[in-house]
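Chemist: Sequence:
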Amino acid sequence: MPRMLPTLLALTLLPTLALAQDVVPRRLAEGVQLLTGGPDGNVLVVDGEESRLVVDGWSPARVEPLLAALERLPGPPLRFVVNTHFHEDHRGLNTPLAARGATLISHANTRASMSRGVFVQELGQSMHAAPAEALPTLVTSGDLTLHLGGRDVRLLHLPAAHTDGDLAVYIPDADVLLTGDVFELGAWPFLDVWHGGSLDGMLAACDRLAALCGERTQVIPGHGPVSDLQTLRAYREVLAGLLEKVAAASVDVPDDEQGAQQRLSDFLGRAPTAEWDQRWGGAAGGRRLAAIAWLGATGLWEPAAPVDEDRPGG
Numbered sequence: 000m001p002r003m004l005p006t007l008l009a010l011t012l013l014p015t016l017a018l019a020q021d022v023v024p025r026r027l028a029e030g031v032q033l034l035t036g037g038p039d040g041n042v043l044v045v046d047g048e049e050s051r052l053v054v055d056g057w058s059p060a061r062v063e064p065l066l067a068a069l070e071r072l073p074g075p076p077l078r079f080v081v082n083t084h085f086h087e088d089h090r091g092l093n094t095p096l097a098a099r100g101a102t103l104i105s106h107a108n109t110r111a112s113m114s115r116g117v118f119v120q121e122l123g124q125s126m127h128a129a130p131a132e133a134l135p136t137l138v139t140s141g142d143l144t145l146h147l148g149g150r151d152v153r154l155l156h157l158p159a160a161h162t163d164g165d166l167a168v169y170i171p172d173a174d175v176l177l178t179g180d181v182f183e184l185g186a187w188p189f190l191d192v193w194h195g196g197s198l199d200g201m202l203a204a205c206d207r208l209a210a211l212c213g214e215r216t217q218v219i220p221g222h223g224p225v226s227d228l229q230t231l232r233a234y235r236e237v238l239a240g241l242l243e244k245v246a247a248a249s250v251d252v253p254d255d256e257q258g259a260q261q262r263l264s265d266f267l268g269r270a271p272t273a274e275w276d277q278r279w280g281g282a283a284g285g286r287r288l289a290a291i292a293w294l295g296a297t298g299l300w301e302p303a304a305p306v307d308e309d310r311p312g313g
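Under numbering that gives the first Met the number 0, think of the first position of the sequence shown as 0, with each following residue one higher.
No wet-lab data here; the hints were simulated from the structure.
No residue lacks a Cβ here, since even glycine has one placed at the ideal position from N, Cα and C.
Don't take every hint at face value.
Claimed, not checked - Derived DMTMM-like pairs (lysine to aspartate or glutamate); straight-line CA-CA distance at most 25 angstroms:
id, residue 1, residue 2
1, 244, 255
2, 244, 254
3, 244, 214
4, 244, 256
5, 244, 265
6, 244, 174
7, 244, 276
Said to hold, decoys possible - Label pairs and their calculated CB-CB ranges:
id, residue 1, residue 2, range
8, 172, 278, 30 to 40 angstroms
9, 255, 213, 47 to 57 angstroms
10, 268, 73, 54 to 64 angstroms
11, 264, 64, 35 to 45 angstroms
12, 148, 207, 41 to 51 angstroms
13, 214, 142, 16 to 26 angstroms
14, 256, 123, 10 to 20 angstroms
15, 25, 60, 39 to 49 angstroms
Input sequences plus hints: build the corresponding full structure.
Modeler: Below is the structure:
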């Protein structure tokens, strides 16, 4: 079966860059704060009696306001930085905080993906490797519990969801859950099929996370405002509805490249996310998600290639 041509769709990996805004700390519970204000997603700060843990950290190019805000927060010594996945907009704190003695933590697949730069043809973009000093030094192949002194923090592996290395972070005593990018609000999620992501895995991740939640659980998406169990369930049902449409459009795909491209064009021409676009992220983002989900379901995506000087964005 031939691979799909990158010229078929104008897909983009990330939203247009926005200027960093003032970082706004928000207290979620005793010793748990959310830092927001930038374009790169939510950052969670968790304090125990003995140590502090930070989850995610914007892009390296925009991290300075976040770093300054973090330094102004009183609390115990910063000991851990957790990356929910490898994408660049979540790892900007790695280098500066590792230099100050913090241990960088991720899933093993996240570290592997972070260590190599690749070019994704369908996106027309490179995913750049992290420098050696930004690579996690403590990795897990499954779940992991960290003890901060008087407080446990659970890291939960969500296989083959947004990527193949997603971690969610749950603080049981505070009833706060940070999902990473398996759950987003304000924009349709990005499904990284080039690094093991799948729509089925996203659904399974939502189910596992929902099982942790009660009606009062504060659910923090990778991007977007503080949410709750009801919204997480609604998001899950939207993904399930899209999965049904993708599955129907993925049956008996023609073997020739032109026929396969036409099948995808026909699928997108039916605007498969139209009924949800107004609430969940707009038509352009819905088209992107539907296209990538279809490529993932059919296997007609071009494997990410190592970045070299001859490739655009390399």
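Chemist: Verify the proposed pairing of residue 244 with residue 174, using a straight-line Cα cut of 25 angstroms.
Modeler: Violated, because 35 angstroms separates the two Cα atoms, which is more than 25 angstroms.
Chemist: Please check whether residue 172 and residue 278 have a Cβ separation lying inside 30 to 40 angstroms.
Modeler: Holds, at about 33 angstroms.
Chemist: Between the beta carbons of residue 255 and residue 213, is the distance compatible with 47 to 57 angstroms?
Modeler: Check passed, 52 angstroms falls within 47 to 57 angstroms.
Chemist: Should the hint that residue 148 and residue 207 are 41 to 51 angstroms apart at their CB atoms be regarded as holding?
Modeler: 27 angstroms, violated
Chemist: Is the gap between the beta carbons of residue 264 and residue 64 within 35 to 45 angstroms?
Modeler: 42 angstroms, holds
Chemist: Residue 244 and residue 276: Cα distance at most 25 angstroms?
Modeler: 15 angstroms, holds
Chemist: Does residue 256 lie within 25 angstroms of residue 244 when you go C-alpha to C-alpha?
Modeler: 21 angstroms, holds
Chemist: Given the hint that residue 244 pairs with residue 255, does the C-alpha gap stay at or below 25 angstroms?
Modeler: Roughly 22 angstroms between the alpha carbons, so the hint for residue 244 and residue 255 holds.
Chemist: Is 10 to 20 angstroms respected by the C-beta to C-beta distance linking residue 256 and residue 123?
Modeler: 18 angstroms, holds
Chemist: Mind checking the alpha carbons of residue 244 and residue 265 for me, to see if they're no more than 25 angstroms apart?
Modeler: 12 angstroms, holds
Chemist: Below or equal to 25 angstroms on CA atoms is what counts here, so check residue 244 against residue 214.
Modeler: 30 angstroms, violated
Chemist: State, for the Cβ atoms of residue 25 and residue 60, whether the hinted interval 39 to 49 angstroms holds or is violated.
Modeler: 24 angstroms, violated
Hints 3, 6, 12 and 15, counting from the list given before, are not met by this structure.
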